[in-house]
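Protein chains: 2
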Amino acid sequence: MTTHLPLGPGAEFDSIRTLLTQWGPRARGIGDDGAVLDVPAGSKLVVSTDTTVEHVHFRREWLTPEEIGWRATMAALSDLAAMAAAPLGVLLALTVPAAWRDALAPIAHGIGEAAAQGDIPIVGGDVTDGDRLALAITVLGHATHPLARSGARVGDTIYVTGRLGGPGAALAAWLAGRAPTPAHRARFAHPEARLNASRWCVRHGATAAIDLSDGLAGDLAHIAAASGICAELDLERLPVLDGVPSREALASGEEYELLVTAPAFDSTAFAVAHAGLALTAIGQIVTGPAGSVRLREHGRAVELPSTHDHFVG
Amino acid sequence: MTTHLPLGPGAEFDSIRTLLTQWGPRARGIGDDGAVLDVPAGSKLVVSTDTTVEHVHFRREWLTPEEIGWRATMAALSDLAAMAAAPLGVLLALTVPAAWRDALAPIAHGIGEAAAQGDIPIVGGDVTDGDRLALAITVLGHATHPLARSGARVGDTIYVTGRLGGPGAALAAWLAGRAPTPAHRARFAHPEARLNASRWCVRHGATAAIDLSDGLAGDLAHIAAASGICAELDLERLPVLDGVPSREALASGEEYELLVTAPAFDSTAFAVAHAGLALTAIGQIVTGPAGSVRLREHGRAVELPSTHDHFVG
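Same order as they appear, the protein sequences are chains A and B.
So in numbering that gives the first Met the number 0, spot 263 of the first sequence is number 262, and the numbers just go up one at a time.
So in numbering that gives the first Met the number 0, spot 293 of the second sequence is number 292, and the numbers just go up one at a time.
Please keep in mind that the hints were generated in silico from the structure rather than gathered at the bench.
Please note that the accuracy of each hint is not assured.
It does not matter which identical chain is meant; a pair holds if it fits inside one copy or across any two.
Straight-line C-alpha distance at most 20 Å; calculated SDA-like pairs for lysine to any residue [to be verified]: (1) LYS43 to ALA85; (2) LYS43 to TRP199; (3) LYS43 to VAL55; (4) LYS43 to ILE29; (5) LYS43 to PRO86; (6) LYS43 to VAL201; (7) LYS43 to GLY204; (8) LYS43 to PRO244; (9) LYS43 to THR267; (10) LYS43 to ALA268; (11) LYS43 to PHE269; (12) LYS43 to THR63; (13) LYS43 to PRO120; (14) LYS43 to LEU103; (15) LYS43 to SER149; (16) LYS43 to ALA104; (17) LYS43 to PHE264.
Next comes chain A alone, as it looks inside the complex (with noise of 0.2 Å):
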């Protein structure tokens, strides 16, 4: 923290002991104007910073204060997951509008539960006032061999973690002022880093990897134009959840899936190492204009749908 211990009056210093009360042991290095942490020898150093406000990538109704703080930390612990870093620590500067000081302690919560289950101890953060809540993220990571954007190759399989579409029609349900199925739902709330998956691609060969935040025709584009090649997509392949047709899922963003290339993976052997997590070949990188992405439906080429941008409401 840059606020100091030991805590003195105020609102701030309520906010930072509602904080730690909830963080416990998982808050480490708190109490100098900076937290210190060992890289390990011979690893890089992989950062990353991401921010959630309200009404920009949610609304108050759409989620409980534990699922906005378990949400915003995922996004953030999922650039590590892009990278095949390990992560080190994570920092968090939150703007608390007093409307929502109240739920300080589950959001809390929720950031502590995200951040045991990418076994990441909490290192420094601050809180301010504000009129909208925001969680300005920032995740430290370290990898031998950090994974970029700009590594696959002509040959190469497009592979892409879990199933499809489900944030993208939650998203879409709630505009619409219908509620969205529990399982769409919880893909929107509830969304996982790929953290041992992609850590798992790199050490089996994968050339080039994102996380899908922008939806996976969007995605795939950046690795496109970041590697100078052309990615074939085949929509028939796309898993996708349950309710969710697949040119839909293509425009679907916020999912936190992993989107990887590489020569081939064994999805056996990622079965085992993965439980109940699908790996599945969607495409491949072909000869073709560097940066541009294909559709093909059986076989055959198909207009690539526009793609997402953030709901601003």
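Dock chain B against chain A, hints included.
Okay, now just chain B, sitting in the frame of chain A:
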């Protein structure tokens, strides 16, 4: 950036373009989910996060956009100075309301200038919409021997860099509807993180340090508490700016000067290494109640005034 290159349309990407244009080669590792950095072998990683929010830390009419960016970045870098860490990288999470969007370029310019002064690359960030301008800044550094607050020992001398009281006097003037003097205003608007000074101090035997964010009296109390010692200040020795009574300097926050304890420094050697920056002995660590701060004036015990809290307006 957790946002993605090549940039697509939309306000978020326009904002990122504005930032990258301002920062030029100072922005590095942009375009993957995380940035990759090297921590020198044998060094510890030091991290801290700090948020500057409109209405909490400043009012719009007090500062130029460049000064807002500079000040927020220096406030964060000051935590690295307090730990005697060498800068590695800075990550920004900016909340930019529509009313501030035109000011984003000069804000980014101020951030870039402060980063250049601190010799630190900008390795990540994101921009979100919101109702108040907020700059959540995470700094990464490395140190073989990070300075903590807990190392002060009986017999140590207490030192402070610079001349105190400017930010407090500027704030008092603004809140009273007056214009601060240029010298006082400059210390509020254009602080400098004491990165080189702190590393000099650790090489010359510093035992503990903190940066002055809550005000000298409050920050010294943090050292006293963490080190389990009694700190004694000599009021008449405080280096103050013209027009600032010593008692007011005790409570002037957001100075971002360095408070350091050490058996003894060679002030002449410090002056040679840091032209223009004062290093002043202002007290000593003595036998007494752990965690306490005593104030003396010409050798006689006097009452300690109450400490600074953030302006909230």
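Quick rundown of the hints versus the structure:
1. LYS43 to ALA85: Answer is both; intra-copy 10 Å and inter-copy 17 Å each pass.
2. LYS43 to TRP199: Classified as within; 18 Å inside a copy, 27 Å across copies.
3. LYS43 to VAL55: neither (33 Å within a copy, 37 Å between copies)
4. LYS43 to ILE29: between (24 Å within a copy, 16 Å between copies)
5. LYS43 to PRO86: both (12 Å within a copy, 16 Å between copies)
6. LYS43 to VAL201: For LYS43 and VAL201, only the intra-copy Cα distance (15 Å) is at most 20 Å; the inter-copy one is 26 Å.
7. LYS43 to GLY204: within (19 Å within a copy, 31 Å between copies)
8. LYS43 to PRO244: Neither. Shortest intra-copy (40 Å) and inter-copy (49 Å) distances fail the 20 Å Cα cut-off.
9. LYS43 to THR267: Close neither inside one copy (30 Å) nor across copies (40 Å); limit 20 Å.
10. LYS43 to ALA268: For LYS43 and ALA268, the Cα distance exceeds 20 Å both inside one copy (27 Å) and across copies (37 Å).
11. LYS43 to PHE269: neither (25 Å within a copy, 35 Å between copies)
12. LYS43 to THR63: For LYS43 and THR63, the Cα distance exceeds 20 Å both inside one copy (36 Å) and across copies (38 Å).
13. LYS43 to PRO120: Close inside one copy (18 Å) and across copies (16 Å); limit 20 Å.
14. LYS43 to LEU103: neither (34 Å within a copy, 32 Å between copies)
15. LYS43 to SER149: within (17 Å within a copy, 30 Å between copies)
16. LYS43 to ALA104: neither (34 Å within a copy, 32 Å between copies)
17. LYS43 to PHE264: neither (25 Å within a copy, 36 Å between copies)
Comparing the model with each earlier hint shows violations of hints 3, 8, 9, 10, 11, 12, 14, 16 and 17; every other hint is respected.
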